[in-house]
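This is what each chain is made of:
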Amino acid sequence: QEEKSNTFTFTEFQKDKAFTPIVAVESWLTYTTDAGKDDVDYADRGSASLRRLRFGAKGSPYKWLSYEIEFNLDRIGEDPYAAIKGSYSGLDVWKAFITAKLSKDDLLHFHAGYYWAAISLDYMASPWSVSSFDKTRSDWFLRNFMTGKGNGIETGIGFGGLKNFDGFGINYQVGAFSPAAFNGPEHANPLLTGRVMFSIGDPEQKTYKVRHAGNHWNARNGVTIGLGGATIGKVDNGSGTAFDKSKAYGADISATKGGLKVEGEYYKMKREAAGLEDFDGTEWFIRCGYNIPVKGTFVEPTITYDSYEGEGSSTLFKQIGDDKTFDIGVNWYLNRDKLKLSLHYVDQGGSISSSVGNFIGMALQVRL
Amino acid sequence: QEEKSNTFTFTEFQKDKAFTPIVAVESWLTYTTDAGKDDVDYADRGSASLRRLRFGAKGSPYKWLSYEIEFNLDRIGEDPYAAIKGSYSGLDVWKAFITAKLSKDDLLHFHAGYYWAAISLDYMASPWSVSSFDKTRSDWFLRNFMTGKGNGIETGIGFGGLKNFDGFGINYQVGAFSPAAFNGPEHANPLLTGRVMFSIGDPEQKTYKVRHAGNHWNARNGVTIGLGGATIGKVDNGSGTAFDKSKAYGADISATKGGLKVEGEYYKMKREAAGLEDFDGTEWFIRCGYNIPVKGTFVEPTITYDSYEGEGSSTLFKQIGDDKTFDIGVNWYLNRDKLKLSLHYVDQGGSISSSVGNFIGMALQVRL
Amino acid sequence: QEEKSNTFTFTEFQKDKAFTPIVAVESWLTYTTDAGKDDVDYADRGSASLRRLRFGAKGSPYKWLSYEIEFNLDRIGEDPYAAIKGSYSGLDVWKAFITAKLSKDDLLHFHAGYYWAAISLDYMASPWSVSSFDKTRSDWFLRNFMTGKGNGIETGIGFGGLKNFDGFGINYQVGAFSPAAFNGPEHANPLLTGRVMFSIGDPEQKTYKVRHAGNHWNARNGVTIGLGGATIGKVDNGSGTAFDKSKAYGADISATKGGLKVEGEYYKMKREAAGLEDFDGTEWFIRCGYNIPVKGTFVEPTITYDSYEGEGSSTLFKQIGDDKTFDIGVNWYLNRDKLKLSLHYVDQGGSISSSVGNFIGMALQVRL
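Residue numbers (my numbering), protein chains in the order written: chain A, 6 to 373; chain B, 6 to 373; chain C, 6 to 373.
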């Protein structure tokens, strides 16, 4: 009704971009060996399960405003005696956040909602495109340490952006989160997070996205170095979780040349409280994969080793001891990360889950 | 295959109208002050949360038959020590009902399913378009009194319709519901509800909808007066909820002229049981807003005051005491109620939640 | 980018077939009589509920690969004192599985995920198209016996297919499942299932589907005989469910000629453990319906009787005693099984739920 010049252009609803359904299924067949508990050896076993079942929607109802909402119903039918680690089962919200693009270029985006309080490479990694059978267990400890949750997703706000120059690029994310595990009556300190990535050669991202690509499909030659850190002040949630100060920091690297990808991260976790021994943890991994193009698909032999060690007071962080995983396998990306078949052997050790066992796993991943 | 004249026309499936996704997000940033409990003062605090996360579908698979199904996952990440009131968290069904249009005109519609047992203005109001920061707390007490649930949505059947004349209109809804809170072995009395609205000037609704519009975008000059009542007979749910008779009734008004809207409601609640002091409650609110058109958008300064008082036996209704909220703020409707930014100050008092605190809140609401 | 001949054709994503929403609502109005418990007679009562609320998605993202994901939120608002039997309430996954077509013809399909461990006619039947008011209660006992769950859906893998000749057809399904109720540390025996169907006359299915049609809309003249069986070895779930061997087997028949359909099944259940009396169960039903075409719709008077009897140790299967249901009613398929109105009388007896009562039920079923 009104003339174009008399209305704001940023209020124009983009009907065709407002709704895209999310559907993703990851079906696992595993064969577990060497599992047990205390003095009971579990019978070796095959098990079928849905490791991930995700659904939701995303869209850009306005040119500058997008959203992502995803629900999870993971680990359906997982045999509790199989050697599979994980935190989530049952139907719940996985992520739900909005992103507002505040600058004309890619320099400034605002995020609000329930999303990753991420500081490290594998924290940000998509499980659909990592080359190991699953995301590293070591990074699970970092996420759990920072947020009290296995997926490291919490409510908060943040900013992110990137700037690419010729042969060099910078990418950043900062945020303030209030993890439910740390809500308490007398203290209300936010979890502050920051991450910066420097890329040499081809950029890690051409346009800004919250998460980076796990696989560049032989199209990137470049190295990215990331630095990340998080800190939170005094916490007392009134039911046992209490400390004076907690922080995590570290660095990571990701290098791709043609089909080859080498990546790894190294992060430290520290927490202290008066009268208790400091908690000190370290988690790191190294992962290597090589994409072989086969008639429009990619076959990727891959190997990963990850490690976590934590010592100090278990009152400050209950994961005391060590945890190691060795993963070797091959992935067949039939339609990139939308249709993927995997066959891996996963060897799991360490004192924290000493008798969880090992397994051979086949996965079929289908995403819209 | 068959000739048109040999088939019923009302069985024709409308493929293009059968499915429309519902996605709605309301992201809150609040800063709470003056909260506490017993002798503990809570630390003032900022908090990010998703006040509402809704998704589902609606459609009209047949010309005369429509449905609405909506799921809620509200209050994600809400700090339990923030001064935010509310009843729902976790994933659940919000509403799910079908509507059959039984008359050629708008006089007779049949509803069945899980929907509003509504009798008052704010009971029917959409949280997406009320001008206060949230729906009134006072009406929450009415809904809770009537159904045992904060949102007042229960399973039932009902009828509704409207008839508009020149400068005058009538709108009605009647229903019979069986609130789960009142199901018991020995009594099976339905909750009967009724509401009638008389409009002078422009009609409140041009075509019948279950809920009325919260904002007429400066296009209506008219006054609507509503009368509503509900009654239920003897209830004994076998686990403590028991009474002989319960009823609620009252009136409301909504007047709009150009950008100005003034509205309010006044409802009484009464419940009795042999040997117990009668319960007597009153809830009312008044709300005033003024839409200022700005280049296709609307900026609305607004003010609301609501009040609840309940006295008598807490066995009959546990909300004994009073509850008051004063809300002042401004809303910016960027794309009507599909994209809305709000900044409000909410002052909360009364003996029922004496130390819940006050807050400044910013909200961003996005709906498809 | 690459030439057609250099890429696999089976990796081509079918965007337009990848996502179809599932929405289905079954609204019930019932009037219960003769219900009670111990010495308490329940008041006769009307009740509105949503017997089934289902939503999800299905699609064929690749020519050879399809998926079905469905969530259930059944029995919303069901009065616990109404004479309605059922197992599920709350929001949960109903089914989630993928199907890969492995042969050019319909001979070999692979299923993986969370789906029916089906061996009998009513096990496979769609509740949306059976002519009785609901699926038979007797088959519920078979499903519960086999999987520990009322819907008989569990995680597993399987194969299925069909081959139709002139006037004769064969259809089969085999599977291996790991029911959660039977997961235990010391034994990991799969539940093995098999079913074969022989059709004379018109085939039961022209193309392979996991489930068969409940109604052939007067277009099939044929008889199908089905044989099914299931077996599982030693089970000890560590919390009371333990046996040495368990099996189920039986036969069923489905005959349609014009509008007439007669169908039934007869299945035996056997379970044994050292030191306990063997469990022995039998379930059977017979159902008869007659479609009368009315201007493109179908009106179907129908009658069903089903029966379950179980004897032996209740430690092996807790359903000891008998359960009988007699159902008579009429269905009006306004748009086949997408829009259906039903009016039935359901008489329920037997020692297992001796005082559950009887009811008259009206149902309106709407599906996309």
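No wet-lab data here; the hints were simulated from the structure.
From a predicted model like this one, the values you see are computed outputs, not experimental measurements.
Watch out, some of these pointers could steer you wrong.
Because identical chains share one entry, a pair is satisfied inside a single copy or across any pair of copies.
No farther apart than 20 angstroms at their CA atoms in a straight line, the calculated lysine to aspartate or glutamate pairs in the DMTMM-like style are these [said to hold, decoys possible]:
1. Lys-343 / Glu-17
2. Lys-300 / Glu-191
3. Lys-42 / Asp-241
4. Lys-329 / Glu-305
Do the hints match the structure? See the list:
no.: 1; hint: Lys-343 / Glu-17; verdict: between (31 angstroms within a copy, 11 angstroms between copies)
no.: 2; hint: Lys-300 / Glu-191; verdict: neither (61 angstroms within a copy, 46 angstroms between copies)
no.: 3; hint: Lys-42 / Asp-241; verdict: between (34 angstroms within a copy, 16 angstroms between copies)
no.: 4; hint: Lys-329 / Glu-305; verdict: neither (23 angstroms within a copy, 58 angstroms between copies)
When the structure is compared with the earlier hints, violations turn up for hints 2 and 4 and for no others.
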